[in-house]
Amino acid sequence: MPLRLPDKLPAIDILKGENIFVMDDTRAHTQDIRPLRIVILNLMPIKITTETDLIRLLSNTPLQIEVCFMKLTSHTPSHTPVEHMMMFYRDFESLRKEKFDGMIITGAPVETMDFEDVRYWPELIDIFTWARTHVTSTLFICWAAQAGLYFHYGVPKHALPKKMFGIFEQQILEPLLPIFRGFDDQFMMPHSRHSEIWKSDILQHPELSLIAESEQSGVSIVMARGGREFFVTGHIEYAPNTLDNEYKRDCGVRDDVDLPYHYYKNDDPSQGPLVTWRAHANLFYNNWINYYVYQATPYDINKIE
Numbered sequence: 205m206p207l208r209l210p211d212k213l214p215a216i217d218i219l220k221g222e223n224i225f226v227m228d229d230t231r232a233h234t235q236d237i238r239p240l241r242i243v244i245l246n247l248m249p250i251k252i253t254t255e256t257d258l259i260r261l262l263s264n265t266p267l268q269i270e271v272c273f274m275k276l277t278s279h280t281p282s283h284t285p286v287e288h289m290m291m292f293y294r295d296f297e298s299l300r301k302e303k304f305d306g307m308i309i310t311g312a313p314v315e316t317m318d319f320e321d322v323r324y325w326p327e328l329i330d331i332f333t334w335a336r337t338h339v340t341s342t343l344f345i346c347w348a349a350q351a352g353l354y355f356h357y358g359v360p361k362h363a364l365p366k367k368m369f370g371i372f373e374q375q376i377l378e379p380l381l382p383i384f385r386g387f388d389d390q391f392m393m394p395h396s397r398h399s400e401i402w403k404s405d406i407l408q409h410p411e412l413s414l415i416a417e418s419e420q421s422g423v424s425i426v427m428a429r430g431g432r433e434f435f436v437t438g439h440i441e442y443a444p445n446t447l448d449n450e451y452k453r454d455c456g457v458r459d460d461v462d463l464p465y466h467y468y469k470n471d472d473p474s475q476g477p478l479v480t481w482r483a484h485a486n487l488f489y490n491n492w493i494n495y496y497v498y499q500a501t502p503y504d505i506n507k508i509e
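In short: position in the sequence shown from 1, add 204, done, that's this note's numbering.
Everything labelled a hint here was simulated from the structure, so no lab data went into it. These numbers come from a predicted model, not from an experiment. The beta-carbon is built from N, C-alpha and C at its ideal position, and this holds for glycine as well. There's no promise every hint is true.
As the list claims (entries may be wrong) - Below 27 angstroms or equal to it, Euclidean Cα-Cα: the simulated BS3-like pairs (lysine-lysine) are: (1) K452 / K507; (2) K469 / K452; (3) K366 / K507; (4) K507 / K469; (5) K301 / K507; (6) K469 / K367; (7) K452 / K367; (8) K303 / K469; (9) K469 / K366.
Stated by the list, open to error - Restraint-style ranges between C-beta atoms, simulated for each label pair: (10) E302 / P473: 41 to 49 angstroms; (11) K507 / T316: 37 to 45 angstroms; (12) H279 / R238: 31 to 39 angstroms; (13) G358 / M291: 19 to 27 angstroms.
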């Protein structure tokens, strides 16, 4: 089944060009199906790119999914047209009384700041608290994973001496979990961050399960509340060219930019990226939607608690 998206969302034309079946609201209303409702709090600066990356992965399921985009009232993005935000995004306050089967909270370019110094931190913790009673399963990505672990469990983040940047091999620690159904023993994940979560801090909390890690990039995926919360420290949703764009953007501008690890063919930017994570990315999102959202959420969405 296709994704159900707002009419005229830019991602629709992009993904149709990739032969991904998406459906706008006009056509979806003619189908008598109760779609899964997924709300995305998009904190990334370039909204359209992140929208497309996530929708691409959410489309790989036989279920119909209705996607809603949430924005913060306390923050105005500077890299996305105001018209786009007004047309496709809704303030948290306008969504507060609604319930959703799943939620995705993206990373944000504020990881070098203390959480409490982030201007929209008060609103964000309000959303974190709301999600626990209004969403069946929430997926926290990169900085949002650090923020969620800090707010809900008191787990601190730690600054890295150098940016964790590239594609890193991940080890599965709980292979029988449904989230890893169909996975190989190892999988690859893009990382692009200046801070990290320590394994020793996670292990101090019995309510947290470390389910994947890397010898090089550290804590990878943490699960809590039986799968109602997943904290992913990397960017398995990244498109093939995302790290390339970041590398070229920062070269000559910053003095701490290294070649992204294990990313370019023969470590040569002129040869382009070697994509090694896309299959597991699709599988991860498909498993999340199937086992932790669809099979866990009540048919009457108002009964989520």
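Comparing the hints with the structure gives:
1. Straight-line distance between C-alpha atoms of K452 and K507 comes to about 48 angstroms, which puts the hinted pair past the 27 angstroms bound.
2. A threshold of 27 angstroms between alpha carbons decides the hint, and for K469 with K452 the separation of about 16 angstroms falls inside it, so the pair holds.
3. Taking the CA atoms of K366 and K507, the gap is about 46 angstroms. The hint is violated against a cut of 27 angstroms.
4. Restraint check for K507 and K469: the C-alpha separation of about 50 angstroms exceeds 27 angstroms, so the hint is violated.
5. Taking the CA atoms of K301 and K507, the gap is about 13 angstroms. The hint holds against a cut of 27 angstroms.
6. Taken as a hint, the K469 and K367 pair is honoured in the structure, with Cα atoms around 21 angstroms apart against an allowance of 27 angstroms.
7. Among the hinted pairs, K452 with K367 is consistent with the structure: their alpha-carbon atoms are about 15 angstroms apart, no more than 27 angstroms.
8. For a cut-off of 27 angstroms, the pair hint linking K303 to K469 is broken: about 44 angstroms separates their Cα positions.
9. Restraint check: the Cα-Cα separation between K469 and K366 comes to about 23 angstroms, which is no more than 27 angstroms; the hinted pair holds.
10. Restraint check, E302 to P473: a C-beta distance of roughly 45 angstroms satisfies the suggested window 41 to 49 angstroms.
11. Distance hint for K507 and T316: a CB-CB separation of about 41 angstroms, consistent with the stated range 37 to 45 angstroms.
12. Restraint check, H279 to R238: a C-beta distance of roughly 33 angstroms satisfies the suggested window 31 to 39 angstroms.
13. In this structure the hint that G358 and M291 lie 19 to 27 angstroms apart at CB is violated, the actual value being about 39 angstroms.
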